[in-house]
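Q: Residue numbers (the numbering used here), protein chains in the order written: chain A, 128 to 508; chain B, 23 to 124.
One thing to keep in mind: the hints can contain errors.
Quick list of the computed label-pair ranges, beta carbon to beta carbon [as the list claims (entries may be wrong)]:
no., chain 1, residue 1, chain 2, residue 2, range
1, A, Arg-484, B, Glu-75, 31 to 39 Å
2, A, His-144, B, Ser-86, 46 to 54 Å
3, A, Glu-493, B, Glu-80, 48 to 56 Å
4, A, Glu-493, B, Lys-39, 54 to 62 Å
5, B, Asn-124, A, Thr-329, 29 to 37 Å
Simulated from the structure, these hints should not be mistaken for lab results.
Backbone N, C-alpha and C fix where the C-beta goes; we use that ideal spot for every residue, glycine too.
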Amino acid sequence: MPNLPYHDPFKEERKEHPAIATEFDGDPVAMILGFKEVREAARNYEKFSSDAPFRVPIPREEDVRTVRQYPLEVDPPVHAQYRKIVEPFFKRPTQPEYIARMGKMIGELLAGACQRDSIEVVREFAIPLQSRALTYLLNMPESEAEVWIKWGTHVFRDASGVSKGAEMEAYCNELFDQAEAHPGEDFFSALTQASFEGRPLTRQELLGYANIAFAGGRDTIINTVSTIIAYFAGHPEELNWLRNDPKNIVVAGEELIRYTTPLTHIGRLCPVDTEAYGVPVKAGDLISLCWASANFDETVFQNPETVQLDRKPNPHIAFGNGIHNCLGAAHARLIVRTLLQKLCEMASSITILSETRNVEKEAAYERCNAYAELAVIIQPI
Amino acid sequence: MSQVTFISPQGEKIVVKNAMGNLMEIATEHDVEGIEGNCGGVCSCGTCHVWVEPEWLERVGQASEIERGILNFEDNSNERSRLCCQIEMTDDLDGIVVKVAN
Ligand code: HEM
Ligand code: FES
């Protein structure tokens, strides 16, 4: 396959320097590339702060939302309290009923895909999968997924990059109105009843939690699912290997997550003039923690550009590192493991008919991140 | 048969007899608080951090370079820290005691 193995756009730079000076949309950013350096910086919240509404994601998001995201965009000591409020929901993916529902849903989607002559993976498989799975996490009726499916890959921007964040904020406002009037057992109701330092959460805070629940776990999951399907289309022998020994599914899933690293990087704001591994940074400017570079650091991962489904140890940081590590990781891992299990059980081979890659074109690099479109035939067993 | 004792952050002792597999698997099977094992034991998630009781350190052996690199940046890390997914239960470790670090 021409598009494999994945090409690491940070390789040459990383060999020379652990960090580089670059820019995103005209903002200067010091991008940290080395594995050790990214981990270290992710834990240094005094020097590299998350207390920066709209600016933790890169590019900045003032144009697509009006609220600070919780607990992403706060620092200690309040971070722990904000995070604790939602932690119980993010632990749900370890419950046996949850695992069983995920298995049933992905099994049904895949059975449907196998029956079709061909299927467009992003729109007809990954987006419905992601949206339905999210109803389990947020404990919402599965029918609500129909609304979310219509949002497309990105909740904030349409394909041409134009903001559509207002639509989602209006939807979330309605959800919270309903939750306040008739609280149920769902995520939004729980938030309306939560208390922070002895007071209820404000509407801005409520919206900030909802915002990341919808945005953070969307293109990341969609991109991981399409990348996995495309990988096995190109490597049928690997799918057979996994099928013969499904106890490798967990380890293989971690390697596919490392290989995809769907969130390329994330920002931190420097409150005072400082320096990031050789790059000077001015007060108010950003650094970036580049997970995608760290996960291909050859001083830690042997042959990083080759997928080795039995890679172990595999200390990837696709889900971040330190106090802000991904709350949705248990859910995301369950999705990946379940998808692998169902592919082993149900798909004999996958053939790509057409594909368009997503390419992140930035000043310092071009990175392929999954697919804008991926049409395949899935041959059932 | 090998026995392992986990001491939870609250000081509760969980004793597992006939323990098999690595310590993370054993802990999650017995719902030991603070050991989650999210990554399934590939050294990625750090949710299986324990302190090995001093008298067992030598028999458990050294962490690999990769594991050590991870532990260096974990919270509550000290010279007795290990990611317990990297400790395979053997007859030699019969009676081992570890404390949950998270
Ligand atoms: C493969 C899928 C995913 C990947 C690779 C991923 C990646 C990440 C990363 C790298 C961070 C750290 C951000 C930072 O350090 O500032 C993060 C944080 C977060 N993620 Fe995910 N994510 C995924 C799926 C999800 C899902 C499904 C959800 C929920 C619906 C979610 C919700 C969150 C939240 C709430 C945070 C903030 C945690 C905090 O600040 O304490 N993520 N994610
Ligand atoms: S289980 Fe993830 S590091 Fe041990």
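Q: All hints are to be evaluated individually against the structure, with a verdict given for each.
A: Status of each hint after checking the structure:
1. Here the CB-CB span from A/Arg-484 to B/Glu-75 is close to 52 Å, at odds with the stated 31 to 39 Å.
2. Our hint of 46 to 54 Å for A/His-144 and B/Ser-86 is violated, since their Cβ atoms are close to 27 Å apart.
3. Between A/Glu-493 and B/Glu-80 the beta carbons are some 51 Å apart, a value that agrees with the proposed interval 48 to 56 Å.
4. For the pair A/Glu-493 and B/Lys-39, the supplied restraint of 54 to 62 Å holds, since their beta-carbon distance comes to about 56 Å.
5. Checked against the hint of 29 to 37 Å, the C-beta distance between B/Asn-124 and A/Thr-329 comes to roughly 31 Å, which is consistent with it.
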